[in-house]
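K.L.:
Listed below are the residues making up each chain.
Number of protein chains: 2
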Amino acid sequence: MLRTIIKNGIFVTMDESNPIVHGYMTFEGNTITGIHEALPAPLETFDEVIDGKHRLYMPGLVNTHGHAAMSLLRGYGDDLALQVWLQEKMWPIEAKFTAHDVRYGTLLSIVEMLKGGTTSFVDMYDQMNEVAQAVEQAGIRGCLTRGVIGFCSPDEQTIKLNDAKQLVKDWHGKADGRITTMISPHAPYTCTPDYISRFVEASHELNVPLHTHMSETAREVAENVEQYGQRPVVHLEKLGFFSRPSILAHAVHLTDEEIEVLARYDVRVSHNPGSNLKLASGIARVVALQKAGVLVSLGTDSAASNNNLDMFEEMRLAALLHKGISGDPTAIPAAAALKMGTIDGANSIWLNNVGSLKVGYKADFIAIDIDQAHFLPRSNYISHLVYSASAKDVTDVWVDGNCLVRAGKCLTLDEEKIKREFELCFDRLTGN
Amino acid sequence: MLRTIIKNGIFVTMDESNPIVHGYMTFEGNTITGIHEALPAPLETFDEVIDGKHRLYMPGLVNTHGHAAMSLLRGYGDDLALQVWLQEKMWPIEAKFTAHDVRYGTLLSIVEMLKGGTTSFVDMYDQMNEVAQAVEQAGIRGCLTRGVIGFCSPDEQTIKLNDAKQLVKDWHGKADGRITTMISPHAPYTCTPDYISRFVEASHELNVPLHTHMSETAREVAENVEQYGQRPVVHLEKLGFFSRPSILAHAVHLTDEEIEVLARYDVRVSHNPGSNLKLASGIARVVALQKAGVLVSLGTDSAASNNNLDMFEEMRLAALLHKGISGDPTAIPAAAALKMGTIDGANSIWLNNVGSLKVGYKADFIAIDIDQAHFLPRSNYISHLVYSASAKDVTDVWVDGNCLVRAGKCLTLDEEKIKREFELCFDRLTGN
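Residue numbers (UniProt numbering), protein chains in the order written: chain A, 1 to 432; chain B, 1 to 432.
No lab work stands behind these hints, which were simulated from the structure alone.
Keep in mind the model is a prediction, meaning the values are calculated, not measured.
Some clues are possibly wrong.
Because identical chains cannot be distinguished in the list, a pair is counted as satisfied if it fits within a single copy or across any two copies.
What the hints assert, rightly or not - With a cut-off of at most 25 angstroms between alpha-carbon atoms, the simulated PhoX-like pairs for lysine-lysine come out as follows: (1) LYS96 - LYS291; (2) LYS417 - LYS53; (3) LYS89 - LYS238; (4) LYS165 - LYS238; (5) LYS409 - LYS53; (6) LYS7 - LYS53; (7) LYS89 - LYS165; (8) LYS419 - LYS96; (9) LYS53 - LYS419; (10) LYS7 - LYS419; (11) LYS165 - LYS96.
So here's chain A without its partners, still in its complex pose (with noise of 0.2 angstroms):
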C-alpha cells in the first residue's frame, strides 16, 4: 500500500487530546497512520512526500444535507416562501428531470462540494442509481437516499418505496464502502402516516437508518396538527420512525417537548441555516438541541435555496447566528462551529471513523491556502477557519486515501464537460 508522508504542515485535527499540530502527517492507503511534531521515520521511506508549506490540513467537511442535481435550479425561483417554492416552482421542472440531467447536475455539484473541501455528502432525491454511480466515479463520500413523496396512487406508492429499498440493496457499502445508503420519506407533510411506517419497516428490514425533512416551516407544523392532531415530532414518534436510528433535516419549530422527545433516541438533527434563513422559514434551536444531548450537524441543502455548497459558509452561519439571536456571544464558540461541520457531521451519518485526523482514522482531508491576508495574523486557526475562511480557499482534497482535487483541479472528473453538459440539460429543461 502507498505510503504517504505530509511535512511542514499545519493540522487541525478535530482530536481534542490533540487539537493543533505543526508537523507532519502519515497516511497508508485510506488509512491515517501518524501525526507527529518530528518527522518519524527518514522522508526516502514513504513513497510520496508532499510538502505542506503554507498550508493548513484538517478533515474534510461533511455536508448532511442536500439535493445535489438541484444545482441545475440554481437562482430558478429566489425570494419565494418554501411552499410556493416548492410547488410552483422546484416541483414542476424538476418532474421533467431525466436520468441525464440528475447525472449532471449531481456531478456539477460535486465538483463544487469536491473544490470546496466538502469529502463526505448527504444525497436525498430521485434516479439514485445516477448519483451512486457519480459518487463512484467521483472517489467522494455519499450517503444517499431516495426521497420519495406519497403524492401518487397506492402502486405508484410501492413502486417508489420498492425503488427505495433497491438503492440501499445495489449500492450500501459499494465504492470501497465510500457509499452508505438510507431510507426517506420526504416528509410528514408528503407522506401519509401509513406510508411512513412502510418506510420504517423497510429500514428495520434492510438495517440502514431513516432520513427525511422534519418541521421546516411553522406552516407544515400548523398543517400537521390540524391533519393529524400532533405536532410532527410526535407523530413520527407513534408512527415509530424514531425507533430507528435516523437523522432529521431542518427541525427549525421544535417546542421544549419534542427536543425532549428527540434526545430520548437515537436522533441526529441536520442544521442547515442557509436555506432556512433563504426560505424564511425561520431559525432552528440549535443551541437548545445540543444542550439536551442531541448531535447537530451542518447541511447546505440544495443549491436551490443555499444558493451554494460552501460548508465554511454553513459553519460561520451557524457560529454567527446563534449568538446574534441569543444575545449570548459565547454560544456556538468556532471550536464548536468546526465539529459541527466535520467530526459532529461524519458521526450523524454514521462515519465513525471519519471527520478527524487521527490514527486509525480514514485520510479524508483537505488543504487550505493559508498564506493569504485574511488568514493573518497566525493568532487563531480554528477561528479564521470558522470566521474567514471559504471554500475558495481549498486547494487539495483527499477522500478515503485518494487525492481527489490538486491545486484546484479535479482530478477524478472532467470538469469542463460537466459544466457543459449541464449547460446543455439546464437549457433544455427550461426550453431555451
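With chain A's structure known, arrange chain B on it following the hints.
P.N.:
Relative to chain A, chain B alone:
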C-alpha cells in the same frame, strides 16, 4: 487619455434602465464612456482591448464602516460580548499600536479588500495619516475619519479633535480626489455631550459629514437613557448632530420613533450584519429603515469582529438574515442587497458618480470569474452574485480607471512585504 474597451463581457450595471448588458464597456482615463451591446468603434481605435470572456463585470463594492488596522487583531479575542471585547481585549492592545502598526494593519486590509472586490471603504481609526498614505499608494478610494474616544483630559480632548480636523485639512480631496474625509466622535458612550458638540461644530466649519457608532448594543442604549435621560437618536438630535449630513454605523437598537427621527434628516445607516451577529449585538431593523426612506449600506466593521472583509458575505448575510427573522422570503431580494453593497454604499458616503457602470461614472469596477460550478446555470447573475459568490471569485479590479488587481495579484502593493511586516507587528504587539 488612455482609451480602453472590454469586449465579450457580461456587465451587471446597477443602472435600472439597463441592468444587464452582454457586450462592451469603454472607459477613458477614470471615466466610463459607454456600455454597448454592439462594438461601438473599431477595436484598433482603443489603446487597450481587454477580453471579458468568462467574466462578469460589476461596480466595485463599497464598504461603509470599518477600522482597517484592526486586522492585526483578527482572531484575537473571539466569542466575547462587545463591551468586554472592547475594554479587555481590543483597547489595551490598540493602545500599543505605533504608526508603523497602523500602516501595515491598514495595508493588509487594503490587500484583502481590493483582491475581494472592494473599491471604496470607510475607515475610522487613529494615526490616520498612515491610512491616507496607504490609500494614496494602493489606488483604492477611501473615506477617512479620525475616530475619537473622549476618555481623557480636556487638553487631550482638544489635541484629538485638532488631529481629527487636521486629517480633513491635509487630505480631503487628495490622491486625485480618491480620498474624502469625515469628522467622528467614536460614540455617544465614549464622548460627552459637550465633546460631541465640538465635533458637530468642526463638521460645520470644515464642511464635511459626520460619522459615529450608534446604538450598537442594548446595553449602551440603556446606559444612554440612564445617564442622559434619552435614547441615542434623540440625544444626538439635540446635540445638532443631524444638522450635518451623517452616516451612523450599526444602529441596531432603534424604536419606531427613532426611525422616524432619522428619516427626517440627511442621515444614512451602515448596516454591519456579520459584526453585529458575532458580537451578539443583535440584528438591525434594516427593512423598517429602508421603508422609512433611510439609505442603508453595508460595512464589514473590522476584521476583529467579522473576521474577514468580504463584502459579498455582507450582501448575502443582509439578504438572508432579514428574510429569516421576518418570516418574509421576499425581504431584501438579491437585487436590493447588491444595491446596498454598490450604488447605495457609494451614495451613502457622498460618492455620487461611483457605484454604477454608467456613462460619466468613475471607472471603479471589478471582474468576477463566472466559469465556475457555483455560477451555473446561467439562470440569474444577480442571484448568483448575492447568494453564491465570494471575495475569492474576483479576478481583476479597477479604481478610478487604474487596474489595481490583475488575475488576482495586487499591482500597486507589495503583498509579500506587507504580509511579512504585518506578522512582525503582530509578534511585537503580543510579545512573541
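K.L.:
Does the structure break any of the earlier hints, and which numbers would those be?
P.N.:
Failing hints, ascending: 1, 3, 7.
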